[in-house]
Amino acid sequence: MNSIHPRSLSFLLPVGFAVIMLLLIVVTMTSALYQGYSEVNEKAKADIKREVAKISRASERFLLTDPDLLEDEVTQTRSDPRVSFSAIINHKDEVLFSTNFQWRNMSALDNFPYYNFDVVSKVKNKKRANVQWIEDKNELIALMSFTEASSKHVIRSQFKGIVILVYNLSETKEKVFTRVLISRSIDILVTLLITLILIFLVRAYVTKPLSNLQYAAKKYSEGNFSHELSLKGPEEVSELARAFNKMAEQVDVYVNKIESKNLHTRTILENIVDAIIAINLKGEITSINFAAEEMFGYSRESILGKNILQLMPDSYKTAHSNSLKNYPNRNNKNELKKIHEVEGIRSNGEVFPIELGINEIEIDGTKSFIGIIRDITEKKKVELLKNEFISTVSHELRTPLTALNGAVSLIASAKFGELNEKSEMLIQTAQRNGDRLLNLINDLLDMEKISAGKMHFNMEVHNLQTIIDESLIINSAYAKRFNTKFNKQGEINQLLVKVDNQRLEQVLSNFLSNSCKFTKPDTEIIVFIDKKDNIVRVSVTDHGDGISEAFKEKIFQKFSQADSDDNRRTGGTGLGLAISRELIKHMGGQIGFESTEGQGSTFYFEFPIYFPESSKSN
Amino acid sequence: MKILGFMKNQQRILRFISGVFVCLTISIFLTACNQKESLLRIASNVWPGYELMYLARERKYFDEKEIRLVEVPSATAAIQSLAAGNIEGAMLTLDEVLTARAEGLELVVVAVLDNSVGADVLMASPTINDLSSLKGKRIGVEKSAVGAVMLDAVLQKAELSADDVQLVYMTVNKHKSAYINKNVDALVTFEPVKTQVAKAGAKLLFDSSQIPGRIIDVLAVLPEAIKNNPKAIAKLIDSHFKARADYMAKPLDASIILSKRLQINPEEVPSSYEGIELPGVKENKSMLAGTNPLLKNSAQELVTVMQRAKLLQGDITLDHLIDSAFLPKL
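Residue numbers (our numbering), protein chains in the order written: chain R, 159 to 776; chain A, 421 to 750.
So here's chain A without its partners, still in its complex pose (with noise of 0.2 Å):
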């Protein structure tokens, strides 16, 4: 009997402590599973399409721990941060995403923030009244896709060749001084600039209302950011649609953390939203989801333009373009 129960206690004992180890080893494999991604660092500049990421940032919408917005200056700053792998992602147009790719960076949208309907401008001095008028004048324009696309849309909408204007390339954060100093007679440029050029006197002659679907603001990653930080990722794209209808609920209160960013009044920044179209989930998965998505379409007329202003050399391949797994459900 004795025997019988001193064997009774071992098993239980033994039991117990396989117990024990099993447990650990499964505790442990967890906690090595769980293991934090590593930082999720984006980078932007200002621009009314990414600045409720800001916003969901401000409201502590996902962890600064895990995502870090970087500030930069400018898009171009951006890319050469992610060519230097020193952040995972960008918010960037997607000209500047078709750009990066025809030179090696493979980035990848993940999400549509928002689609210029008018925010993309042509503004020129008070003296120069329709767009024929430009010939010969001096337009400041940044370096980029964007810049290219509007002033390729421009110039045809006027009838003008490259060569009828002079380009004065610089980038956005130039704009503002070189208006007010005269240094340009038109800027193609985007708000905040358009706002207070405006103030300064200066008239839209042509806006991305005339060209929807040309320019597109996305968030873009690199493949090893899709691979790493999954997670942080999708929290970020969701905070972003939080914040977004924050902003359509209660436009006032989101405009007073806006404005800061943004440097105007924040009783300014609705009118700086007019013209940029902010999708939704619903419509970020009709522009990304699905076997032909039309953000592709988008794409491949880009590449026509640019290929077309010399913006883009050699081919390009607009593969693993768009990765819509990120996107929150509906």
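So that you can see chain R by itself, here it is in the shape it has in the complex (with noise of 0.2 Å):
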């Protein structure tokens, strides 16, 4: 809208007018002129042939009796300003009377241009005027005869002069073009005039209106919904304005509604109590919210940009960096979605537990992901105590139980006398539920033991076959109890493992003694020994009912029993899977189950077979 830009219409609109108005003046002036210049033309003509007429009229008339009125006729034609020049020629082609007195007696075929025997010859053969039109030169030439006179007594003479009379019509046709300019000028001026008054009215009308317009556009642009615009100005002009400012309102409406959403959003954000933290692919820090700011120790502005790397201690940046460089090639995305215990660390160089969820996000085609972390140094904490409070109470259980089982073993052994029949029924019923507490006991124990990390290994490469067997031997007055027997299969040729063999033999029993429970009456349980490559796997297989898919992904938890029913039936802590997991896991080997609802169960170890040779090398 700048209006020195001969684009602008406060320009074009007047100057648009100005030319097609100029092309007008210019073209009328043009016909003007044209016709000015044919009607002087028109009446040069007319008046060339009257003149020469009358003087030859009078040539033949007075050239004896009165030549000083003669003369006085050819000179008085100079008086008219289109006459060049004028003479009376006799047949001689002398001079007799011309306009310009030294021609006087002179040869009018050396003296006059347009004078030769040609012209001469064609005019004194007829009794009219010749008249020519000389265009370049905008001279009108006419000459005519006469019978000249040459003795009074003589009536008719057979000697032939000739009248010559030249207009020179550019001064004449000067004149009509100054007066058709003069007349055009005031054309001109009015038109100016208007243009004037038109740019007037477009600025006043239309430019300053629009330019109003963009200038509350711009204003709007920036932010301003204040600016109301005046409704002044031409209908269409008005009407654009009231839609602007209406625009406007409704702009205005939206905005405060988004900004009052977003308030809401960043209100809820900044006062949850976990910490948010957003990064892009490359890890930089995109946003963070406050309580993220709290848990790290670190501000808005110092962190942001940041590589997330800052807030993890130095064990996890390896770990992080390939798991987000590889990000984009892997697969199975839903694994970012459970929720990890990881460490993070404070500005202050405090490394700290915390819980962390990741999400991955996508806005406007750029991905980033959002983390969600807690804080759970004080969950960990309590954990500790709880778990030493366990650890305590139990080994002060233990120490009386195993007193009141030794001592209740010692009656039932009948020692000290034998016991009537009910006596030995209720003995028996004692040492049996004395076992199952203390086996209890013992769980819980271990467990706490492995989660405190406070388990000891005792490592060292036996043989498996020993193992296997001895569980075997040990579990079999069980199976006889349930009604069933183990059944060994698969090929075992002193194959040597790196275990602790009693907590090997732990893992084996607690298959076992599962597999008794769980198997139907009457039916194997089969102890299968397969070796594969390097990796040797023990599996225990029952005929049970199986596991049901609900509990498939529960069934290494602690205190996990298929229902309510089992426990009684079979008598368990629910430990005994736990326990066995992170049993198999200290000692370096893999743990796992198959199992088909209805047909039964398979459980399963493994591990790297021990070469003697390797132990060297190692």
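To be clear, the hints were calculated from the coordinates, so they are not data collected in a lab.
Just so you know, these numbers come straight off a predicted model, no measurement behind them.
Check each hint, because a few of them may be wrong.
Stated by the list, open to error - Just a few of them, taken from the derived set where beta-carbon distance is under 8 Å, the chain R residues facing chain A: (1) L222; (2) T223; (3) D226; (4) T233; (5) G515.
Unchecked claim - Subject to a maximum C-alpha distance of 20 Å in a straight line, what follows is the list of computed EDC-like cross-link-like pairs (lysine to aspartate or glutamate): (6) A:K596 - R:D224; (7) A:K485 - R:D294; (8) A:K485 - R:E297; (9) R:K333 - A:E721.
Beta carbons are placed, not taken as given, at the ideal position from N, Cα and C, and that holds for glycine.
Both chains are sitting in their own frames, so use the hints and assemble them into the complex.
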């Protein structure tokens, strides 16, 4: 809308008008000129014919009788501004009278450019004026013959003289031109005046309101909505202004709505207890909330744009970088959604435990990760206290329980006299429940030890065969109780593994006892030893009801049992498999199971086979 | 800021267009004012005193588109043209101007072209020895004031009356042939006829040097011309003086041009200027300018002579007879 620009409306409209008007003026001027010129020409042609005829007639009558009058007649022609010259020439081509005195008695052929034999003979043969038009010189030449009286006595002479009259019309035409120009000048002035008025009008009624609109639009774009646009101006412009005002009002409303919604969301995010940190694919922190600032001890300004590595201890950095680098190639993205227990580092260098949940989000085609972080320092402390409590309690319970069990065993062995049938039954009940309680306490203590990291493993190279055989012997009595027996299958040729034999026996016993409990009576429990590459797998398969799909996920969790009935029927703590998993893991093995509901279950563990050579090289 | 700039540009454009408007108005106004004057047409017959104008024309001292010299056979024809309104001015003798004024043609004298101090003459055939011998003789004379003035002076000197001689009135272009054909015995005439008849044996008995200031040639224009063609008049007078200076400086060069219209040989031209005084700008000023210019006195004397010769009827006013405004500055 810069008006110095030749394309601005306030310039184009009036100037366009002026150009059209000026063109019109030029056209009318040209036609007026053409008309003026042709009028001049027509009049000159008529005049020259009349004048030349007049002089010719006078020449015939007065050449002898009154030559003064004739001379007067010729010289007077010069008072007509158009007349260039005129002359009366006798039959000998001598100038008798002329507008130029000095040509008198001279030869017309020598002095007059338009006077030559051809023309003269042509003119002399007819009684009419010969008029020529010399376009480039703007000259009109008229010649006319007259009968030259030679003597008063001769009535009719055969001699013929010539009258020549020359008009030059350039001056007259110049005057016509000037006159037309001046008359058109008034038109030009009026056009310019109208142009000026138009410029004022366009400026006042179009350009100015439009420029106000532009100014307002600029203000609006800068976020200033308070500017109310004036509705002055022509219909179209005021309509535009009205529409603009309405639009601005609407935009104002929407912006307010969005802002309040934004504020709402931001308030929630800022007041949430968990820290929320967003990073981009390069690992740079793009936003954090207030809780995150508090948790890590950085101000928002100081941490935004920094890499997330700054918030994690060195031990996690490599893993994080790798996973971030490989992320786009990974298929299983659900892994992200799991909550991990990891560690963070505060600005003061303090390392603290956190729970971290990561989610991938995509906004406007840009991928980023949102991390929700919970400080679990307190939770960990409580857990520790609890574990210590359990450990203490268990220890305190075990000592008297051992004494109790010993006493009950002695009574049951009848070393101190035979018991009657009723007493024996009661003692057996006491003995059974005492054993069970002791098992429970032992399991609890094991679990406690494992989770506190206090479990000691005596890792040595053992023959796997021996461990399996001993376990089968120990548990064969238990199998008999459930009317089942063990069937060992598979190849075993001096297979060595590096384990704690006590703990591996504990795991195997757990598998075997579980199988005895769940297999249907009078079915065999298959103990299968399989070797593949350098891995040996020992599996225990029962023929029970199998594990339900719903339970499969929880099977290795603490205190997990398929249903409440199980506990009563089979009598277990629900810690066995959890302990087994931890034990196998700690010894460097793998644990797992396969089960089809209604057909039984197979639990297995795997260990790398130990070769004496490899131990040497190690 | 942008609004401010916008308004500034607007003002600049407006100022520009207004400027163009004003300029155009002024230029059109000036063109209208500067419009060429209409053609100034000045008539004259052939007379050495007038010929400097033709010299000026040949040397293009003025634009023929603005000023046109109309070559007429006689002063009578010039006055007729003036009366008819076909021309704006003429080169005339002062008495002709006065006659014209008496007849209602308010001619104004704007320059004195020459002063006859011997150019106007009485030429007589060799048989007539002195002025007194003119008694009963045929004297050819133009029916003009100059003729009357000369005749008046001759008769006074000869102590004769008008009845003592036979007057044959004829225009100057007939003088030569009338003398040669012996239709007249004497001629009251002037150059170039003087030289022409002198060749045929005529003798000079009287000339205008004996009546100084009585026969004056002037440039006279109509009052309308003073109003409509002031520039052209000034230009014409200026050109006359330039030609005069040319003639004074190099008379031979000028004579070649002058001889053509005078219809004599170039070497004869200087002699035709004998007896003619060509007043310059200074002399013109003294004759025309001032509250009581000399020309006015001459005119007054002339009026007396002309009235006596019955060449002027009734009263004649000499108001606005002279306008010295067109004379060039000294």
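Each hint tested on the structure:
This hint is violated: L222 of chain R has a C-beta 14 Å from the nearest C-beta of chain A, more than the 8 Å allowed. For T223 of chain R, the shortest C-beta to C-beta distance to chain A is roughly 14 Å, which exceeds 8 Å, and the interface hint is violated. About 6 Å separates the beta-carbon of D226 of chain R from the nearest beta-carbon of chain A, less than 8 Å, and the hint is met. Interface restraint check: T233 of chain R against chain A, minimum CB-CB distance 5 Å, threshold 8 Å, status holds.
For G515 of chain R, the suggested interface contact is broken, since its CB lies about 53 Å from the closest CB of chain A, more than 8 Å. Between the alpha carbons of K596 of chain A and D224 of chain R the distance comes to roughly 17 Å, so the proposed pair stays at or under 20 Å and holds. About 18 Å separates the Cα atoms of K485 of chain A and D294 of chain R, which keeps this hinted pair within 20 Å; it holds. The hinted pair formed by K485 of chain A and E297 of chain R meets the criterion: a straight-line CA distance of about 15 Å does not exceed 20 Å.
Between the alpha carbons of K333 of chain R and E721 of chain A the distance comes to roughly 45 Å, so the proposed pair goes past 20 Å and is violated.
Consistency note: the structure conflicts with the earlier hints numbered 1, 2, 5 and 9.
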